[in-house]
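Engineer: Below are the chains, spelled out letter by letter.
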Amino acid sequence: MLPGMRILIVEDDAEAASYLVKAFTEAGHVADHAKDGLTGYGMAEEGGYDCLVVDRMLPKMDGLTMIGALRGQGLQTPVLILSALGQVEDRVKGLRAGGDDYLPKPYAFSELLARVEVLARRKAPQAAETFYQVADLRLDRLSHKVTRGGEDIPMQPREFRLLEYLMRNAGRVVTRTMLLEQVWDYHFDPGTNVIDVHVSRLRAKIDKGQAKPLLHTVRGAGYVIRDGA
Amino acid sequence: MTGLRRLVGTTAFKLSVIYMLASAIFAGGLLLYVGWNARRLIDEQIGQTLTAQINGLADQYRIGGIRRLSAIIERRSRQPGSFLFLLLGPGGETIAGNITGVSSAVMANSDLAETTYQRFDESEGQPVVATRGALVRVFTLPGNNRLLVGRDLEERERLNAVLGQAIRILIAALLVFGGLGAFLVARRALARMDAMTATSQAIMAGDLSGRLPVSGSGDEIDRLAVSLNAMLVRIGELMQGMKEVSDNIAHDLKTPLTRLRNSAEEALRTSNSKQEYRAALERTIEESDGLIRTFNALLLIARAEAGAGVDSFTAVDVSSLLLDLAEIYGPSVEEAGCAFITDIAPGLTVQGNRELLGQVVANLIDNALKYGVPAQPGASAEVRLSAREEDRKLLISVADRGSGIPPDKRAKAVERFGRLDTSRNKPGSGLGLSLVSAVAQLHKGELRLDDNDPGLIVTLELPLPA
Numbered sequence: 001m002l003p004g005m006r007i008l009i010v011e012d013d014a015e016a017a018s019y020l021v022k023a024f025t026e027a028g029h030v031a032d033h034a035k036d037g038l039t040g041y042g043m044a045e046e047g048g049y050d051c052l053v054v055d056r057m058l059p060k061m062d063g064l065t066m067i068g069a070l071r072g073q074g075l076q077t078p079v080l081i082l083s084a085l086g087q088v089e090d091r092v093k094g095l096r097a098g099g100d101d102y103l104p105k106p107y108a109f110s111e112l113l114a115r116v117e118v119l120a121r122r123k124a125p126q127a128a129e130t131f132y133q134v135a136d137l138r139l140d141r142l143s144h145k146v147t148r149g150g151e152d153i154p155m156q157p158r159e160f161r162l163l164e165y166l167m168r169n170a171g172r173v174v175t176r177t178m179l180l181e182q183v184w185d186y187h188f189d190p191g192t193n194v195i196d197v198h199v200s201r202l203r204a205k206i207d208k209g210q211a212k213p214l215l216h217t218v219r220g221a222g223y224v225i226r227d228g229a
Numbered sequence: 001m002t003g004l005r006r007l008v009g010t011t012a013f014k015l016s017v018i019y020m021l022a023s024a025i026f027a028g029g030l031l032l033y034v035g036w037n038a039r040r041l042i043d044e045q046i047g048q049t050l051t052a053q054i055n056g057l058a059d060q061y062r063i064g065g066i067r068r069l070s071a072i073i074e075r076r077s078r079q080p081g082s083f084l085f086l087l088l089g090p091g092g093e094t095i096a097g098n099i100t101g102v103s104s105a106v107m108a109n110s111d112l113a114e115t116t117y118q119r120f121d122e123s124e125g126q127p128v129v130a131t132r133g134a135l136v137r138v139f140t141l142p143g144n145n146r147l148l149v150g151r152d153l154e155e156r157e158r159l160n161a162v163l164g165q166a167i168r169i170l171i172a173a174l175l176v177f178g179g180l181g182a183f184l185v186a187r188r189a190l191a192r193m194d195a196m197t198a199t200s201q202a203i204m205a206g207d208l209s210g211r212l213p214v215s216g217s218g219d220e221i222d223r224l225a226v227s228l229n230a231m232l233v234r235i236g237e238l239m240q241g242m243k244e245v246s247d248n249i250a251h252d253l254k255t256p257l258t259r260l261r262n263s264a265e266e267a268l269r270t271s272n273s274k275q276e277y278r279a280a281l282e283r284t285i286e287e288s289d290g291l292i293r294t295f296n297a298l299l300l301i302a303r304a305e306a307g308a309g310v311d312s313f314t315a316v317d318v319s320s321l322l323l324d325l326a327e328i329y330g331p332s333v334e335e336a337g338c339a340f341i342t343d344i345a346p347g348l349t350v351q352g353n354r355e356l357l358g359q360v361v362a363n364l365i366d367n368a369l370k371y372g373v374p375a376q377p378g379a380s381a382e383v384r385l386s387a388r389e390e391d392r393k394l395l396i397s398v399a400d401r402g403s404g405i406p407p408d409k410r411a412k413a414v415e416r417f418g419r420l421d422t423s424r425n426k427p428g429s430g431l432g433l434s435l436v437s438a439v440a441q442l443h444k445g446e447l448r449l450d451d452n453d454p455g456l457i458v459t460l461e462l463p464l465p466a
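So the protein sequences, as listed, match chains D and Y. Here the first sequence is numbered in my numbering, starting from 1 and rising by one per residue. Here the second sequence is numbered in my numbering, starting from 1 and rising by one per residue.
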């Protein structure tokens with residue numbers, strides 16, 4: 001289990017906020033709640049949070065203004081924007097205002113959790129890691145080589161990027177839409193199980209014939225690469 | 001008389017009156033100019049005749065002296081319609097002539113001059129009472145006798161009178177007919193405007209089927225009415241579309257919502273173990289995910305149809321977009337037992353929204369996978385993604401080898417929730433093709449469904465800048 005994170009939820013809907021606080025707590029994190037933009041700004045500015053989850057429409061100070069003000073103060077805490085506006089332009093606007101990720105409502109909590117966990121990790125100093133290792137699976141970012149138990153696994157470029165993203169977030173669940181966004185840079189609903197097919201092909205390459213599978217499917221959420229079930 | 005005030009207040013009336021006044025001023029001015037010119041011409045002509053007369057009489061004087069001259073003048077004076085003559089001696093006494101009452105200042109002048117005179121009655125030798133106008137010329141003969149020859153100005157005055165009358169009649173006629181015209185034009189314009197106002201009030205009251213009256217004359221009011229009517233048709237279509245969407249949403253969301261509710265209720269009632277609860281909840285989440293997808297698709301369609309996102313158009317590299325999609329979907333297509341063939345011309349770009357274009361091609365491939373499996377066993381399944389430029393159009397097509405869509409059902413297939421299998425047993429929201437169509441329209445393009453013989457070929461036609 002990953003160490004818990006401190007998350008600030010800035011959301012004016014009390015019911016939605018208490019659901020989120022509870023859900024994040026159950027997932028092993030510590031979550032605080034601010035009910036408007038001004039309070040959220042004050043709490044976030046004091047620091048100590050690993051990730052902010054900010055609703056766009058907030059009383060007193062709207063979400064985008066709040067994020068802009070925090071960024072103006074030099075605060076680097078990753079921010080995920082929640083919004084009922086799900087269009088491409090709205091996403092671009094949110095990211096331009098200083099958000100790091102954008103999730104349109106309604107969303108599945110598993111999707112939000114996965115994104116927050118991946119975002120919060122970014123806060124940790126991003127040493128230019130030259131390789132990732134999970135158990136005996138090793139991905140070398142410089143030579144673009146993947147080995148399992150010392151044996152070479154040939155990879156297509158896109159498979160390599162897929163595995164790289166999964167391994168960079170080893171231990172964290174990544175969702176199908178996150179994979180489509182990060183590996184292929186598309187923000188649409190892929191419909192059928194297109195991502196699943198890519199993942200199962202990757203799984204066939206790295207886990208086939210191995211006693212201990214590393215790439216796991218998390219039902220209702222996505223995928224995770226980790227050592228152990 | 002508010003009716004008359006409204007009539008006078010119309011633009012048509014004001015314009016007519018202004019036009020009428022301008023015409024009157026112009027026509028009057030023209031007649032005055034003609035009159036002035038005619039007068040000048042007449043004066044000139046009279047001057048020439050007078051000079052000729054004087055020269056002839058001066059010749060007679062040289063030949064026969066004052067006696068001969070006075071005899072000739074006496075004779076000529078008696079002829080009807082004659083010139084005016086007056087011969088004065090050196091002392092100013094009248095020697096011969098048919099007029100009197102000419103001022104001495106005129107007699108001292110040798111230029112053509114206008115003066116008044118009194119004429120002797122031809123039979124009785126009495127001066128006529130009336131003083132009349134004449135154009136005269138005076139010539140001083142040797143021996144200081146002075147000869148005046150003149151011409152009555154009656155003709156010229158008559159011309160002036162005729163012209164003056166013409167101007168008065170013209171202006172009166174213009175005022176009468178122009179005023180009447182202005183009244184009629186204004187009344188007609190007012191009647192049409194009133195009809196339009198009445199119709200638009202009916203429309204505002206909620207009757208969208210009303211249309212503004214078109215007179216058929218093709219004038220500017222007609223053109224306005226025609227384009228307003230076209231707008232009403234469009235608004236009507238949109239309203240109808242909205243109504244259909246909300247009806248369809250109500251219908252299509254109610255079914256899964258009921259299913260969701262029922263399965264949750266049933267789980268509550270019958271589940272005994274933790275595993276059973278868990279399975280029921282997982283089903284519930286799956287159902288709600290489907291609902292969210294349907295919702296998002298509907299929003300996307302509505303936004304595309306409303307023209308949102310046009311301002312965020314950028315140059316989209318369609319070739320690489322399609323290659324990306326081929327890469328994303330390739331494994332799924334092959335997994336489904338279909339051959340995936342791509343035929344994408346390099347370097348195709350179009351002004352558009354990359355995400356929406358990506359989504360619609362994804363929908364088309366998805367549809368080909370769902371419905372494009374050959375009906376008869378043994379037939380080779382294939383999905384073909386191709387793109388090329390033709391006649392300044394970018395053609396993106398996705399073709400399958402399934403059972404296709406009969407021509408009469410193609411329009412239905414593009415409608416929202418327009419799934420052709422009435423049993424609705426295949427997965428999908430029934431919104432895929434309507435999104436494709438809405439996005440095509442957003443890019444000012446078209447969606448075409450054709451027979452792939454066998455199978456369906458769906459083509460997205462996007463116009464390229466000329």
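Just so you know, these hints were derived from the structure itself, not from any lab. Built from N, CA and C at the ideal position, the CB exists for glycine as well. Do not rely on the hints blindly, as some may be mistaken.
Said to hold, decoys possible - Some but not every residue of chain Y turned toward chain D, in silico, with C-beta under 8 Å:
id, residue
1, 239
2, 241
3, 355
4, 451
Said to hold, decoys possible - Now the in silico label distances, taken between C-beta atoms and shown as ranges:
id, chain 1, residue 1, chain 2, residue 2, range
5, Y, 349, D, 135, 27 to 37 Å
6, D, 95, Y, 347, 48 to 58 Å
7, Y, 231, D, 42, 48 to 58 Å
8, Y, 337, D, 145, 47 to 57 Å
9, D, 216, Y, 233, 28 to 38 Å
10, D, 135, Y, 444, 36 to 46 Å
11, D, 133, Y, 347, 37 to 47 Å
12, D, 216, Y, 391, 29 to 39 Å
13, Y, 254, D, 145, 53 to 63 Å
14, Y, 412, D, 143, 50 to 60 Å
15, Y, 253, D, 193, 15 to 25 Å
16, Y, 448, D, 211, 48 to 58 Å
Engineer: Which of the listed hints are not met by the structure?
Structural biologist: Of the numbered hints given earlier, those the structure breaks are 1, 2, 4, 5, 6, 8, 9, 10, 12, listed in rising order.
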